[in-house]
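Chains as they are written, first to last, in the numbering used here: chain A, 637 to 997; chain B, 637 to 997; chain C, 682 to 1005; chain D, 682 to 1005.
If you are wondering where the hints come from, they were derived from the structure by calculation, not from laboratory data.
What you were told as hints is all true, and nothing was included just to trick you.
With a Cα cut of at most 25 Å, we get these calculated DSS-like pairs of lysine-lysine:
#1 LYS786/B to LYS701/D
#2 LYS981/B to LYS844/D
#3 LYS981/B to LYS933/D
#4 LYS696/D to LYS786/B
#5 LYS786/B to LYS838/A
#6 LYS789/B to LYS838/A
#7 LYS1001/C to LYS989/B
#8 LYS925/A to LYS948/A
#9 LYS789/A to LYS838/B
#10 LYS786/A to LYS696/C
#11 LYS786/A to LYS844/C
#12 LYS925/A to LYS944/A
#13 LYS981/A to LYS933/C
#14 LYS961/D to LYS934/C
#15 LYS786/A to LYS838/B
Predicted model, so just to flag it, every value in this text is computed and none were measured.
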Amino acid sequence: MSELYQILDEEGVVNKQLISKINLSNEQMLEMYKHMLIVRILDGWLMRLQRMGRAAIHAPNEGQEAIAVGVAHASEKQDYFFPTYRDLGLMIVRGASIREILNRWLANSQDPLKGHEFAIYGGRKYNIVPTTTPVSVHLAAATGFAHAAKIRKDNLVVFAFLGDGGTSKGDFHESINWAGVFRLPIVYVCQNNQYAISLPVKRQTASETISIKAVAYGIRGMRVDGNDILAVYSATKEARESARNGMPVLMECVTYRLGSHTTSDDPSRYRTQEEVEQMRKKEPLRRFKNYLISNGILSEKEEQELRKEIEKEIEDEVKIAVSVPPLPVQTIFEDVYSDMPWHLKEEMDLVVKEFEEDHQS
Amino acid sequence: MSELYQILDEEGVVNKQLISKINLSNEQMLEMYKHMLIVRILDGWLMRLQRMGRAAIHAPNEGQEAIAVGVAHASEKQDYFFPTYRDLGLMIVRGASIREILNRWLANSQDPLKGHEFAIYGGRKYNIVPTTTPVSVHLAAATGFAHAAKIRKDNLVVFAFLGDGGTSKGDFHESINWAGVFRLPIVYVCQNNQYAISLPVKRQTASETISIKAVAYGIRGMRVDGNDILAVYSATKEARESARNGMPVLMECVTYRLGSHTTSDDPSRYRTQEEVEQMRKKEPLRRFKNYLISNGILSEKEEQELRKEIEKEIEDEVKIAVSVPPLPVQTIFEDVYSDMPWHLKEEMDLVVKEFEEDHQS
Amino acid sequence: MAELTLAGALNSTLKEQMRKDDRIVVLGEDVGRRGGVFLVTEGLLEEFGPERVIDTPLSEAAIFGVAAGMAIYGLKPIAEVQFFDFAFGGFDQIVSQIAKLRYRTGGQFKAPVIIRGPVAGGIRGGMFHSQHPETYYVHTAGLKVIVPAFPYDAKGLLISALKQEDPVIFMEPKSIYRTIKQEVPDGEFTVPIGKANVLKEGDDVTVISYGAMVHRSLEAAEEAEKEKISVEVIDLRTLMPFDIETILNSVKKTGRVVIVHEAPKTLGFGAEIAAQLAEKALLYLEAPIMRVTGQDTPFPLANEHYYLPTLKRIKNTILKVVNF
Amino acid sequence: MAELTLAGALNSTLKEQMRKDDRIVVLGEDVGRRGGVFLVTEGLLEEFGPERVIDTPLSEAAIFGVAAGMAIYGLKPIAEVQFFDFAFGGFDQIVSQIAKLRYRTGGQFKAPVIIRGPVAGGIRGGMFHSQHPETYYVHTAGLKVIVPAFPYDAKGLLISALKQEDPVIFMEPKSIYRTIKQEVPDGEFTVPIGKANVLKEGDDVTVISYGAMVHRSLEAAEEAEKEKISVEVIDLRTLMPFDIETILNSVKKTGRVVIVHEAPKTLGFGAEIAAQLAEKALLYLEAPIMRVTGQDTPFPLANEHYYLPTLKRIKNTILKVVNF
Ligand SMILES: Cc1ncc(C[n+]2csc(CCOP(=O)(O)OP(=O)(O)O)c2C)c(N)n1
Ligand SMILES: Cc1ncc(C[n+]2csc(CCOP(=O)(O)OP(=O)(O)O)c2C)c(N)n1
Ligand SMILES: [Mg+2]
Ligand SMILES: [Mg+2]
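Just chain A, same shape as in the assembly (with noise of 0.2 Å):
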């Protein structure tokens, strides 16, 4: 449990015995390629929204994109996700339109959640449920979703998301203790990616990995290089095997945080430029590439070509995103019941009234 599953090293070279098991055809390769290449660039335009005060906040997914597109892929249709802030790629490889997802971050008027939280990845058309901020508290819903499949006899595997952090909580104990207990069809992914914030690992835990920490709970330890994505998709295929019979997986994916915390943070306060110019050698888009390319599954102007068109499809959704028209102000009272009470009518109407009057003058 505490060796490293990896299948290409750091320059893209393939462990042949291991890639032999998987079965992937060069399409599913591209697509996998393309689906990091948007979150990748996507990412960047999410962190320019915010500085330009567009967007309030955004977690930048850079260096740990094969993760979640990795996991994403190896996932059957029917199988529910309940990720985190930092998992843009689910909803990429789920089929989210690049506009929503704008939408989103601008809480517009199209926001499908209405512009009450921020940055949540989710829906119920993508099978995946919006995260709560509070760390690991999400898991628990996870493994209570993962038990009802289990009653309902449904074929389905459960995937939550969590970070080195994450692992510290009491929901996270909790959590994965319970799924031990009634052997659910569950599968904890954790993005090691070395930081909470700016608190090491060794900070988090003395454990020697997270992934032993399923000694605890008697269920099933992985621990995979989270910077290659096709160590990630045959781990995933294997802890999905596994949870769909009866035994839940904790899968760690070791990766590193690239980018800083979220817009707001500033890691030269804690970590050097240097570590974080050691460990982006290791990122996964440039490993993946070298792998297709070296073994002719892509082209270098096919990749250029391919970033090009991504560009410009962002740019141009973002000039419509901006445009579009802001959020009616009784979203702040819908949604809170199935049906509105008097106070809050009480109060909605004072709102409103207050809102019509400052934009009729």
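Once you've looked at the hints, dock chains B, C and D with the ligands against the given chain A.
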């Protein structure tokens, strides 16, 4: 970590090699036996006092006496304890009088805790911090106490007690994880008595043992026969040494709760009498007595006398305790804050007036 | 139709509803073989089996959060907390997940779980088996909060809770689990969430209460009637939403108000009623609004009689307000 | 004497006090090298070292509970919660351990910890970075609750908190961490816990507030004065205990009250003030008691301007109450 450390077998036959490592005089062993006996007998009285309507509730110790008594004997004077509601033995070893314990149970005007809460073992002079009733909440304070001792470079070890059920709580996880990260001088003593009210330990966790959970925190795990006071004593000595040197310990003491969960529980709802009788054969007093007698440290007659003496003392003390006057009504309002704010004064005045009216007519 | 206790009514309602709707799942510590420490879930495991009656680890956070996940899936989980005093370990799950899920997902997901369990003092339970913690839940937008005082209401409100789409905190006053008996119809009927019950009409003063204190308020009203005071007694039954209309109508009639509850006074539910009245009915008030409540201390083991609103204190306050 | 922001005053007070008293220990997520996400603990690690400035695991329950244990030992822990929204994960530690320790041990043990961190909206933080959750703490007997609105008070109250023996919830309105500057004396001085501050005297109406809304209330008062209304503005500063005397004196003079806070209305702190007034000052009231508060919804990301009490709403309410 899954082997069980045992010195006395169920018949009290000793493992010669292991016992040679322990440095225990006959006097001390007799003292340990006497303390267990006081716990056993007093425990029965506390049950009866509750049934007589005198005490609010009691959680019986029967079958688990060796753990608190053994740990306390192996501790140093300056060490600190954070017990649960089932650890009468700590009070006895640390010198609390039977009278004081009865006053606590009766919540009378000599209850040093002023009738504010029931059944709590602890007090400044015993180095015992009374527990919270919500399970495992106290573990964090125990951890913080050890952290403070480390900061102050004071030479003491904290013993924090919990049950098998307590391992399922988030506070267990956050506390022990913390102790691992900061290498604190603390020993977590888990009394695995096989049940949390009606639920068997298999319903708490799928991990192989409780001690193995230490792996998740990078600390040391130990697994001890909790019905063997010599094993408990010797393991505690070793655990203490480890904790003092910066390696915290999770010490699982395997035992069995022979009685009901509390005076308000009816175990026939969830387990058979045969199971209990089977487990009674392993109980710690008989085992230790057999050892003491077969090694000429104690005679049957002396043992009978000791029992009688203890019975008599408790009976006498009960007579005294039941006639101690009740607590005055003002104590409801004491110790909420270090000073009494205006609103509590206002409330107290009303209540005291009512009380006086009620009691003058 | 049978004469049932509060605990009995809850038990039989659970059975009836679980027979009808196989999405209902009960989970909690000792709810199975033990039947719950107050036997509210007695017999469920035997009838519905371990998939629907789930004995759980000692994990309040997981119990609530797992229930939320089951509700997202489409089941109807009823989570029992052994005593509401122990719910604080799972409080984040309630406040951050369950209460806010519908809101933060723009209505796409919802977690209509019922969290039920005993509250209230009067059983010599000390500070961790006696609290009446409704304030924490009423103040948390997104939750509905129910406190029945009668077997009939307990059944009707539990069925209402199961029929609707919002999370419900369902508090059962343990001191009256077995002391109050009432005829309760078999089969399905509902008591609406958000409707108070005027238990006794009167003209001189309005006594507003809920939970076990309703019964003590009724007693105090009877005693006051002996002194020729006409008391209206309102059982709120649900605290979120609460029935402002019934409260206002009564107070506009009587002009005098006494609020009775077990929770501590400061920011106890009585504060909200008083504040609503000071805003909406000031001109009708002929006397100060008085609250007879638990004390602003932890719940004591000794002398709990005096900690709680006593019959005498309620009655004296009624007299005081009427004679103001 | 230096002109300081609220965050700056807290930072320099921490440094001054830690220099004087080596029992003071600061612990929390990112409080060390990062200096806290709002930089309130900036420079502490460098000066006092990792034993006294402790970067902790992401474990709110342990942070609070460990602080309690340190306090039992005799240290003076100051625990930072990164946002008060995240304190619910450690709520059981606060409610069951910290608040009740002195009481349940008959005064033998105590846990005078300070739990401090940012509250309040106005920074586009969404529902988990904007809440103003004082109700949960004020209702919990055993805790003292402080919400400073000025750098001077922040310092004086923090020193008072350190000097006394009870656990303190110290809420820092993040929207004014850096917007309000004030001359703050060097060295030690205290502002008493439980004393409100009359910021502006007036005769027609009393506006009662605390935290960031104090500043908006002052602005609204100024605007109202332009219309010849004389407004008294009270900054409560501490909510538990709160200064009933100052409130009563003012209301007996003005007869009219507006309460302003960010927390949701239902069982927000304004409810307790209104209830106290409806009990103790009814005959002085010349107009309904009005509350201008946050809405009874989770805190929304979009349109937070309208969620919070607006300047206009406060001013209009003042006018309404005066013209009643
Ligand atoms: C309970 C809780 N405490 C604190 C925070 C503030 N916070 C947001 S993200 C974060 C670090 C999370 O680290 P990790 O779990 O490793 O995830 P990562 O950000 O690295 O993806 C913290 C402390 C929070 N959101 N929730
Ligand atoms: C947080 C919490 N939930 C529920 C309870 C009710 N309760 C009291 S003791 C107990 C079982 C504890 O089991 P264990 O930890 O094994 O200790 P034991 O009683 O066996 O000594 C439960 C569920 C509680 N006290 N605290
Ligand atoms: Mg991380
Ligand atoms: Mg046990």
